[in-house]
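Visitor: With these hints in hand, go ahead and build the complete structure from the sequences.
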Amino acid sequence: MDVILLAGVIIFAAFAVLLKDMLKAVISLMISSIMLGIVFFKLHAPYAGVFEISVVAGLIMVLFIMTISLIGSDADVKEPAVPVAVFIVLFLIFSVVIMLRIFCLPQVSHQLMSGEQMRIGEVLWICRTFDMVGQISVIFAGVFVLLAVVSARRRNGK
Amino acid sequence: MANNLLPYGWMYVYTVFAMLFIGFYCIFARRSMIRLLIGLEIISKGICLLIISGSYPQNITTAQALVITVIVIEVCVMAVGLGLVINAFRHSASIDVRDFSNLKG
Amino acid sequence: MFLFIFVALPLITASFMLIAGRFSRKLLPDFLANLCFFLLLCASIAISRLWPGAGQYSHVLKWFNTNLNIAVVLDGLSLLMIFTVSLVALSTGLFSINYMNRYGSKSLFYAILLVLVASMNAIVLTADLFTMYIFIESAGIASYGLVSLGGTKYSTEGAFKYLVLSAIASSFILLGIAGVFVSTGTTGIKEIAGSGFFSKFSVILFLGGFSLKCALVPFHAWMPDAYTAAPAVLPAISSGVFVKVAGIYAMARVFFNMLPFNAEVSSVMVYLGIISIIAGAFLALGQARLRRMLAYSSISQVGYIILGIGLGTPLGIIGGLLHLFNHSVFKALLFLNAGAVEYAAGTDDSLKLGGLGKNMPFTSTANIVGLLSAAGVPPLNGFWSKLIIVIALLQVKMFLYAFVAIFISVLTLWYLLLIQRRVFFGKVREGLQNTREVPFWMNFSMVGLGLVCVWAGVSFAPVILKWILPAANVLIEGIRTSLSNFVIGG
Numbered sequence: 000m001d002v003i004l005l006a007g008v009i010i011f012a013a014f015a016v017l018l019k020d021m022l023k024a025v026i027s028l029m030i031s032s033i034m035l036g037i038v039f040f041k042l043h044a045p046y047a048g049v050f051e052i053s054v055v056a057g058l059i060m061v062l063f064i065m066t067i068s069l070i071g072s073d074a075d076v077k078e079p080a081v082p083v084a085v086f087i088v089l090f091l092i093f094s095v096v097i098m099l100r101i102f103c104l105p106q107v108s109h110q111l112m113s114g115e116q117m118r119i120g121e122v123l124w125i126c127r128t129f130d131m132v133g134q135i136s137v138i139f140a141g142v143f144v145l146l147a148v149v150s151a152r153r154r155n156g157k
Numbered sequence: 000m001a002n003n004l005l006p007y008g009w010m011y012v013y014t015v016f017a018m019l020f021i022g023f024y025c026i027f028a029r030r031s032m033i034r035l036l037i038g039l040e041i042i043s044k045g046i047c048l049l050i051i052s053g054s055y056p057q058n059i060t061t062a063q064a065l066v067i068t069v070i071v072i073e074v075c076v077m078a079v080g081l082g083l084v085i086n087a088f089r090h091s092a093s094i095d096v097r098d099f100s101n102l103k104g
Numbered sequence: 000m001f002l003f004i005f006v007a008l009p010l011i012t013a014s015f016m017l018i019a020g021r022f023s024r025k026l027l028p029d030f031l032a033n034l035c036f037f038l039l040l041c042a043s044i045a046i047s048r049l050w051p052g053a054g055q056y057s058h059v060l061k062w063f064n065t066n067l068n069i070a071v072v073l074d075g076l077s078l079l080m081i082f083t084v085s086l087v088a089l090s091t092g093l094f095s096i097n098y099m100n101r102y103g104s105k106s107l108f109y110a111i112l113l114v115l116v117a118s119m120n121a122i123v124l125t126a127d128l129f130t131m132y133i134f135i136e137s138a139g140i141a142s143y144g145l146v147s148l149g150g151t152k153y154s155t156e157g158a159f160k161y162l163v164l165s166a167i168a169s170s171f172i173l174l175g176i177a178g179v180f181v182s183t184g185t186t187g188i189k190e191i192a193g194s195g196f197f198s199k200f201s202v203i204l205f206l207g208g209f210s211l212k213c214a215l216v217p218f219h220a221w222m223p224d225a226y227t228a229a230p231a232v233l234p235a236i237s238s239g240v241f242v243k244v245a246g247i248y249a250m251a252r253v254f255f256n257m258l259p260f261n262a263e264v265s266s267v268m269v270y271l272g273i274i275s276i277i278a279g280a281f282l283a284l285g286q287a288r289l290r291r292m293l294a295y296s297s298i299s300q301v302g303y304i305i306l307g308i309g310l311g312t313p314l315g316i317i318g319g320l321l322h323l324f325n326h327s328v329f330k331a332l333l334f335l336n337a338g339a340v341e342y343a344a345g346t347d348d349s350l351k352l353g354g355l356g357k358n359m360p361f362t363s364t365a366n367i368v369g370l371l372s373a374a375g376v377p378p379l380n381g382f383w384s385k386l387i388i389v390i391a392l393l394q395v396k397m398f399l400y401a402f403v404a405i406f407i408s409v410l411t412l413w414y415l416l417l418i419q420r421r422v423f424f425g426k427v428r429e430g431l432q433n434t435r436e437v438p439f440w441m442n443f444s445m446v447g448l449g450l451v452c453v454w455a456g457v458s459f460a461p462v463i464l465k466w467i468l469p470a471a472n473v474l475i476e477g478i479r480t481s482l483s484n485f486v487i488g489g
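Protein sequences, first through last, are from chains L, Y and U.
Just so you know, we're using numbering that gives the first Met the number 0 here: the first sequence kicks off at 0 and counts up by one.
Just so you know, we're using numbering that gives the first Met the number 0 here: the second sequence kicks off at 0 and counts up by one.
Just so you know, we're using numbering that gives the first Met the number 0 here: the third sequence kicks off at 0 and counts up by one.
Among these hints, one or two may not hold up.
[To be verified] Here are the simulated EDC-like pairs of lysine to aspartate or glutamate, each with C-alpha atoms no more than 20 Å apart in a straight line:
id, chain 1, residue 1, chain 2, residue 2
1, U, LYS199, U, GLU263
2, L, LYS41, Y, ASP95
3, U, LYS152, Y, ASP95
4, U, LYS351, U, GLU341
5, U, LYS189, U, GLU476
6, U, LYS396, U, GLU190
[What the hints assert, rightly or not] Distance windows between CB atoms, simulated:
id, chain 1, residue 1, chain 2, residue 2, range
7, L, VAL149, Y, SER93, 17 to 25 Å
8, L, ARG100, U, LEU464, 46 to 54 Å
9, L, VAL96, Y, SER93, 36 to 44 Å
10, L, VAL61, U, PRO438, 19 to 27 Å
11, U, LEU482, L, VAL88, 44 to 52 Å
12, U, PHE200, L, ASP1, 20 to 28 Å
It is worth saying that the hints were derived from the structure and are not from the lab.
We put the beta carbon where it would ideally sit given N, CA and C, even for glycine.
Guide: Encoded structure:
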């Protein structure tokens, strides 16, 4: 079951790169996100799975689809005519190289960390509070930059 | 980096590397601005899978906190990138990166 | 609790900036932002007076008796970076009182600049690797926004190119952090150092990611395009402090305090440094546009800093850190100068300008101070840092590298003097007869930075003893710890 999910993640991500129609590429990226969210659920990380499905497969894909519909289809870029076979050949070479090295990678030996019985809310707000300040800073930066970009467009459009 | 506590732990590492390969291929071999952002998104997914699968039973709450933060950062970067794409389209009606006129190194 | 105002005060001011922009378009945002920067500068000087000179100060915040657990850590290196950030931020803020009048919404500009300064302060005040990454991203987003404020087609293209390349670098860094987290189970710098983690894969990822952030050759492709297309305040603050904080400071923390110090890493840093010095100087030779030439010159000077720090000897680290401080000051001065030229004459293409020195005395004097400092002419501040780096190279018997460093320094003097002669001296061209001197605040900030250059040059010994030596000791302690672990523990 896990094999099917992981293979689905890889295959739909590859479709997102190879498909020519932009909308189909974004939808296949969305399906890949949903499958990755289910993988997170099975790894006992439900909150990461929820975030992956609702934010990545939801919010970011909606942003992409809004942009594509704003730009319209007359902005399709003529991609270089490299056939799909080149990608598949490169991917197979890459897979062979990785599989040869993958069993030589160091095995992870965990020292058991105490205090991991805390809930996710406490970890996020109490142990990593500086990260929350960081998230606030990132959101401020994003909001102000978007406002600046939008107002520049309005000023140049007049 | 292979997780020894997961059954078939090496599959997760292979998936991570495959996502990274696909993402970097997308950035280096595609010309449309939106495809570059799709490539960045795929790379982020690979790294999130690495963080969660590598810390499977012990550190899973800290790993979830890290992944949640990474996803928030990705949203903001994508939003700014898409705003710039729309802006570039309004200026010159093309979203091809080879048309960037001042690529003089 | 006093240290957290370096992060909290700019963020709170930024959130009030949009409301203030509704009441008054220019006066209130100017006043609030520059007041914030001035307070930060005073705070950093006050902390340096109370500083015992060594050791680390770490504090866990409390808010109304609940334990907030924000751990801010200050040591000598952080203190140097905070002082540099505050100084350059204040001069950029004062400069943009007049300069940004032509660029649209000033309150938005100040809001983005305040978020950038808050993120850079937070990068140096934290002891956790992942928190550092978040604030590097936040400062990066603010930088992309500042590039795109230029308003033209080139600004948007330059901002997008900068975004993609910088996001690739961030993904390398995040991949390295993920590898460290999976192997050791923690993201705090001290804990990772204590667990003795080392892996070549992480080293390559961190080197690649941080080199792209500080624009070392061969990862320098974003810098010239992003800097020419942006308003002139962006290169001043980005090349002045953001490149140092997100690139050099982070690299120093990771390679000196976190991972055990390795001879191969040191040699790679030295190679990257010397290649950047040579390539940056030669690429700057043929440029006519003022800002593009200064961008390539930045790449060359950052190469000096990495060369000094990467040597690993105490003298090399002191020289590298002193050059970090000096470069922030004189490069900000030169970029603000280029902005002043563009404000007064409408272009910064040196082939179209000439004879501006008659009507703009302050600007041309500041330019002379900046370029003599950049070229390493005594008694200005650039001379001492380059001298210390050359002596450090001679100490480890790298004679060829020392000769190259001196030669490129002379070359820097040559191309900077060439541009200065073309722009400021010579015959006044036809359309430029009635250029006037730039307004008061722009002059004030440029003259202020020039005075800092002269002061840091003339009284370099107190500067070194008070600011640079504690910072260098932090890095040297890191090397000593890793070497002693190697000898004892094996």
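Visitor: It remains to establish, for every hint, whether it holds in the given structure.
Guide: Results of checking the hints against the structure:
no.: 1; hint: U:LYS199 with U:GLU263; in the structure: 10 Å, holds
no.: 2; hint: L:LYS41 with Y:ASP95; in the structure: 40 Å, violated
no.: 3; hint: U:LYS152 with Y:ASP95; in the structure: 14 Å, holds
no.: 4; hint: U:LYS351 with U:GLU341; in the structure: 12 Å, holds
no.: 5; hint: U:LYS189 with U:GLU476; in the structure: 13 Å, holds
no.: 6; hint: U:LYS396 with U:GLU190; in the structure: 36 Å, violated
no.: 7; hint: L:VAL149 with Y:SER93: 17 to 25 Å; in the structure: 20 Å, holds
no.: 8; hint: L:ARG100 with U:LEU464: 46 to 54 Å; in the structure: 51 Å, holds
no.: 9; hint: L:VAL96 with Y:SER93: 36 to 44 Å; in the structure: 37 Å, holds
no.: 10; hint: L:VAL61 with U:PRO438: 19 to 27 Å; in the structure: 46 Å, violated
no.: 11; hint: U:LEU482 with L:VAL88: 44 to 52 Å; in the structure: 47 Å, holds
no.: 12; hint: U:PHE200 with L:ASP1: 20 to 28 Å; in the structure: 25 Å, holds
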